[in-house]
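Q: Given next are the chains, with one letter for each unit.
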Amino acid sequence: MRILIIEDEIRLANNIKKGLGSFPSFVVDVCHDGIDGQHQALTSEYDLLILDLMLPGIGGLDILKAIRATGSRLPVLILTAKNTKEDIIRGLDYGCDDYLGKPFDMGELLARAKALIRRSHNQPDPILRIDDLEIDTRSHLVKRGEQEFLLPALEYRLLEYLAYHKGQIVTKTDLLEHLYDYNWERFSNVIEVYISGLRKKLEKSGARRLIHTIRGQGYILSPDPPQTSHQ
Amino acid sequence: MSLRLRITVLFLLAQLSLLVAFSTGTFLFTYRRLIKSFDQSLIANSEALASLVKDHINDENSNGFAFSYEVMPRFSRRKEPDLFAILLPDGRLLQKSKSMPYLPDFIIYTKDRRFQNFHLDEEHYRGVFFPVTHEISPQETSSDKERQFTIFFATNREDLDDDLADILEFIIGSAILMAFLSTGVAFWVARKSLKPLYHLADEASNIDAENLDFRFVLGTLPTDIQALGSAFNDVLFRIEEGFKREQNFTDDAAHELRTPVTIIKSTIQSALLFPPDQQQDRKTLEELNEDVNRLEELIEALLLSIRTSSEENEGAVMPVQEFCSEIEEVISTFPLTVDKSGTSIHFQGPDSTSGYVYTNNLSLRQIMTNLISNAVRHGGKTTNVYLSISQSEDKLSVMVEDDGPGVPAELKQQLFQRFVRGDKSRTRSTGGLGLGLSISRISAEQCGGTLSYQDREGGGSCFIWESKYRNESQ
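As you go down the protein sequences, you meet chains A and B in turn. Each residue of the first sequence is one higher than the one before, starting from 198 at the first, in the working numbering. Each residue of the second sequence is one higher than the one before, starting from -7 at the first, in the working numbering.
Just chain A, same shape as in the assembly:
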């Protein structure tokens, strides 16, 4: 999952990035002013936006307005020192999904971020289940039948992303957008390598394939292979 933080306090933004980055689920981009932030939010794919209100250039609420105006369903968490009742009501009315005041507890921020992402994919249960595959988004443990294993960060991230989009076709571009922060150069081959790595682990001991390739379109995480003209 790719997260964007728009926060002008550099130290704070980096601390949040560090905190979020400690989870394999997340890759994090950071912008320090409103103009950059708005541009970034509107031109790249994110799964969550953490937004400060008092920003140089364009203010947080205006950025939120701009995002919602495009019809985007990007989950937005407002993080700000302005937390009177009026401010909270205004933020929610403008279209944010959650509102956290400063100073905040890092653990709380992380939990709320995860909850927002779960909600936005209609997966209220922190444990993602497909067939006999269980992905615990809290401990990042993956269980297939009786087998439990801990995946390296990118593989986990990839699997989790597919799981959140279970039964839907996910394109390689989607994966490149959502699994890497903007610093990485993206080579689409990399995805294929990781998919085959995942398959190897998940299909050990003969368990059936859950990650299916749809030629020309992308991948899908599903118990049954989808019916296509190619098959």
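Honestly, the hints are just simulated from the structure, not real lab data. Among the hints, a few may not be true.
What the hints assert, rightly or not - Each computed SDA-like pair below joins lysine to any residue, with the alpha-carbon atoms no more than 25 Å apart:
#1 A:Lys311 / A:Phe346
#2 A:Lys215 / B:Asp273
#3 A:Lys215 / A:Asp233
#4 A:Lys282 / B:Arg250
#5 A:Lys369 / A:Tyr379
#6 B:Lys257 / A:Asp226
#7 B:Lys257 / A:Asp230
Once you've looked at the hints, dock chain B against the given chain A.
A: Showing chain B alone in chain A's frame:
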């Protein structure tokens, strides 16, 4: 004394004065009328008597005349009979009434008509001296053409006195009754007149910190009270503004303090997410140390900005020479940062370094550091900062000018307020707490000086710090 009581008393006094004046006037007027009437009857009777005398008097040597009491029944009354005396010029008494046993001393011949009040045997009389000139026809005598005598005629004035007493009683009685009624009316008038004020006070008592936006609707107030209502509204407006400013300050201060606390907290918590690492943790502790120092700075600056008076600043004096060298020292603390951004500072001292300026070391450093760092920070890539000092008879001015972009029009009004910065965000990273100018102004004013801004001719900002100054000789 309450207003109501005061109005009542004033009203009452006014009423009473009027009453007294009116009563007195009425009484005097009535008195004169009654007396006039009485006097007219005295005169009428005197004339009647005079014609009687004229008819019966024969010659100048006559010793009396046959005066028939039947002719004038008045004289035969037993009760309160009239009195008369007829006097001749040579002092002889021609005749007097039976009712007068003796002739009182004051009854003498006189040529003037006058009236006289007197007592006789415990009775009160009023009489008239009525001189008569009797023309004699040529046949009767050979010598004088006329004969003169004076009639004194008096009537008992007991009835008159009774009437006057009655009138006086009536007037006084009415006056007292009126006085009582007036008191009642005065009370009522006072209450009625003051009612709008009580109403106003009632409404005002409902105003508190929560509803300072309340205003009196001037149209519903009586015209005289409208001025008061309007003044009230002005006061409320100023208080509301003051409150808002205080509220804003509290909100701003809270925000300012939360930011460093947030950073510290997030630093600690994000470090705790990871397993202990000596090098990383060491670095974290150093960062935290800096953060806490900055927080301390912020708290001190906030406290300074709300302090309203400081005894040690008032009256502090510094020789101008020292003043200038202190400023030069402050300038010298800038070169490193100055070189980086391509800014240069030009300093021009005053014409003479004599005299004393009313300021102290701390204020000087704080103000100059603030002004110069503002000029450098907001100046842009290549800025020139011009510092000049000038004196007048009682003022010393320090001008800090820069040729940067200057202060935008919309900020000029609030320039010296707390937390106002070049743009909306309050990032510590861009430098500045937004408190510098407000503290500088307070510092300047505590020493009896001023700090103001104006646009620089030719573009840029110009800050002027004026301090009180005195010559060596004073």
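Q: With reference to the structure, classify each hint as holding or not holding.
A: To see whether the hints hold, each was checked on the structure:
| no. | hint | verdict |
| --- | --- | --- |
| 1 | A:Lys311 / A:Phe346 | 21 Å, holds |
| 2 | A:Lys215 / B:Asp273 | 14 Å, holds |
| 3 | A:Lys215 / A:Asp233 | 21 Å, holds |
| 4 | A:Lys282 / B:Arg250 | 17 Å, holds |
| 5 | A:Lys369 / A:Tyr379 | 16 Å, holds |
| 6 | B:Lys257 / A:Asp226 | 21 Å, holds |
| 7 | B:Lys257 / A:Asp230 | 22 Å, holds |
In this structure, none of the earlier numbered hints is contradicted; all agree with it.
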